[in-house]
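Protein chains: 2
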Amino acid sequence: MNSIRIFAPATVANVACGFDILGFALCSPGDEISIEFNNLHKIILHDNTPYHLPLEAEKNVTAVALQSMLDALKTNQGFTITFLQKIMPGSGVGSSAASSAAGVFGANELLDKPFTRNNLVQFAMQGERIASGSAHADNVAPALLGGFTLVRSYTPLDVISLPSPTIYATVVHPQIEVRTSDSRKILRHEIPIKKAVEQWGNVAGLVTGLFTNDYALIGRSLQDVIVEPVRALLIPEFYTIKQAALDAGALGCSISGSGPSLFALSETEKTAQKVAAAMQQGFTNIGIDNHVFVSPINKEGTRVV
Amino acid sequence: MNSIRIFAPATVANVACGFDILGFALCSPGDEISIEFNNLHKIILHDNTPYHLPLEAEKNVTAVALQSMLDALKTNQGFTITFLQKIMPGSGVGSSAASSAAGVFGANELLDKPFTRNNLVQFAMQGERIASGSAHADNVAPALLGGFTLVRSYTPLDVISLPSPTIYATVVHPQIEVRTSDSRKILRHEIPIKKAVEQWGNVAGLVTGLFTNDYALIGRSLQDVIVEPVRALLIPEFYTIKQAALDAGALGCSISGSGPSLFALSETEKTAQKVAAAMQQGFTNIGIDNHVFVSPINKEGTRVV
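Protein chains in written order, with the numbering used here: chain R, 5 to 309; chain P, 5 to 309.
Be a bit skeptical, because a hint or two may be false.
[To be verified] Chain R regions said to be covered by chain P (calculated; three or more residues, Cβ under 8 Å): (1) 46-57; (2) 146-159; (3) 187-200; (4) 274-283.
No lab work stands behind these hints, which were simulated from the structure alone.
All C-beta atoms in this analysis are idealised placements derived from N, C-alpha and C, irrespective of residue type, glycine included.
Please build the complete structure, drawing on both the sequences and the hints.
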C-alpha cells in the first residue's frame, strides 16, 4: 500500500455547554486527501481544491501535524499529499481539524499503524496550533475518533469517546467572517461561579443524556450560559435564528466551535431538515448568504476511502 | 399504617469537581425518626438524640421540609415525629439533608405516596434553607434517591440519578467547626474561565466513569480546581491528609460538602479501610480528634426501617 485516499469529517466543537471539551463529527462535509510515500525525506503538498492552501510545509496544518508525528517516530520518511476536497476554511466546523486529522491518519495507515486513533490526537492538535494559535483538541478528537468526544484534560491529554445516540445535526454556515482568534479574544477571562455551576450541571446532564439515549435531557442540557452570550454578538440575529431552530423542533441550538456556523441537534432526520429550512430562512431574511448541511453523527471518524 | 420508622442516610455533596451539582449517599451513618399521624393539625416534635434539636416547627429542618410538602398538598394533617438517631450536625455529611429527607419521605409513605422520591427533593430542599440559608439539593437528592445524583438545574429543578458502580467511601470527620455559611462566604464570586473548563472537563469525566465503571477515569476526574483550593484553608493539613489517602490507594479525595469532613473513594473495601487509617492518622498526628466511616455507596436512599 503506497498511496491511499483519506476522508476526515467536519466537526462541531463546544456543543453548547461543553466549551473547549466536547465535540462531535458529521458525515459530511469533510476533507479528502491522497497521501503516498516519497523518497525525498520531506512533505510535499499539492492543492487540487479552490482554496489556495499554503503549500510550504511549515505553514500548512496538515504538514505541521504530520511532521509532529514523524518527529515522535524519529523518522525522516517523506510523504506526498494532495488535497482533493476541503471544508471551506473559517466556517466553524473544524476545517483545520479535518486537514490535520487526514494527514496524520493517512500516514499512520501507510506506516502500519504505530499509533492508535486516540494517540493521533496529540499530533493533529499541532495543526490546530498553526490554524488558530492554540493546540486545542476539541475538533481533532471527534474528527479522528468519530461520534461525541470529551477532552477531559490537556495536562496530560485525556481524550474519551462518548456514546453517540441516533441524532441528527443541522449546521448552517452564514457567509460572514468570524476569526477564531477574535472569537477567543472577546471571551471574559473571569466568569461568575454561579454561571459556571449552571454550565457544569448542563455538561453532566448532556453526558448523561448521551449515555441514556434521553433526548429530552440532551435538549434541556444543550445550554451555554458562558460563551454563547458573548459570541452571539458576532452573529447577526443569532437569537432569532436559534429560536427558529427550536420552534422547528430542534432539541437545542448553539454556535458551532467559535462560529460563525450554528448547529442544532434533532431527534429525527425529518426534524433536522425542517430545522435547516427554518435556520436558512432566518439568515436569508436578513440578506446573509448561507449554506446548510444535515447529517447524522459520524460514528467512524477519519477513514480510508 | 399509622406509625413508621424511617432511615435517611448521610451524604457527600460536591464530590470534588461537582460543586453544587453532584452527591452520593452512604449506608451509614444516618438519621432515624419515627413518624405518625396526629389529630392536632400540626407538627409535633420529640427529640431522643443527644443534640438538643430545635423543637419549634419553624426552626426545625424536618418540620420545615414537611410543612412545605403539606402546603403543596393543601392538607392540615398533623404529624408527630420523634428523632431517634442523628448524624452529628455540622459534620459535612448532610446532617440537615438527612433530617429533611426523613420527614418528607415518612409523611409521603403514611399518606400513600402522593409524590415520587424525585418529587420529594423540592420539599426536602426547604429544610436546607433553614439549615444553611440556601435551598440546595445536592445532599437531599442523594439522601432521598440513593446512589450518585446530579442536580442539573434549579430553575426548573432537574434531579437525575446517575449509575453507582461498586465503590467504597471513606469519610473522616475532624472535630473542628466549619460553618456552611462561612464556607460559602470565602468562595470567590468570579473564577477564571480556564479553571472552569478544567472543572467541567472533570465533571464530564466523572459522569462518564460512573456510566462505564471506569475506576481509573473516576480517579483522574476526582479533582476540584475551583472550590477545594479555597476551602482547604479551613482544614488544617488538608493536603497532607489528602496525599495520605491517595498514597493508601484512594481513587480520589476531597472535601465533603462544605467541610470539615473529607471523603475519599476507593475501589475495594479493603483499600477504603487502609485509606481510613491513613486519614485518621493524619489528623491524629496534628492533635485533632476525629472519627471515620467506611461505607459502600447506598443505592437505596431513604427507606422504611
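Do the hints match the structure? See the list:
| no. | hint | in the structure |
| --- | --- | --- |
| 1 | 46-57 | violated (count 0) |
| 2 | 146-159 | holds (count 4) |
| 3 | 187-200 | holds (count 9) |
| 4 | 274-283 | violated (count 0) |
The structure fails hints 1 and 4 (numbered hints given earlier, in ascending order).
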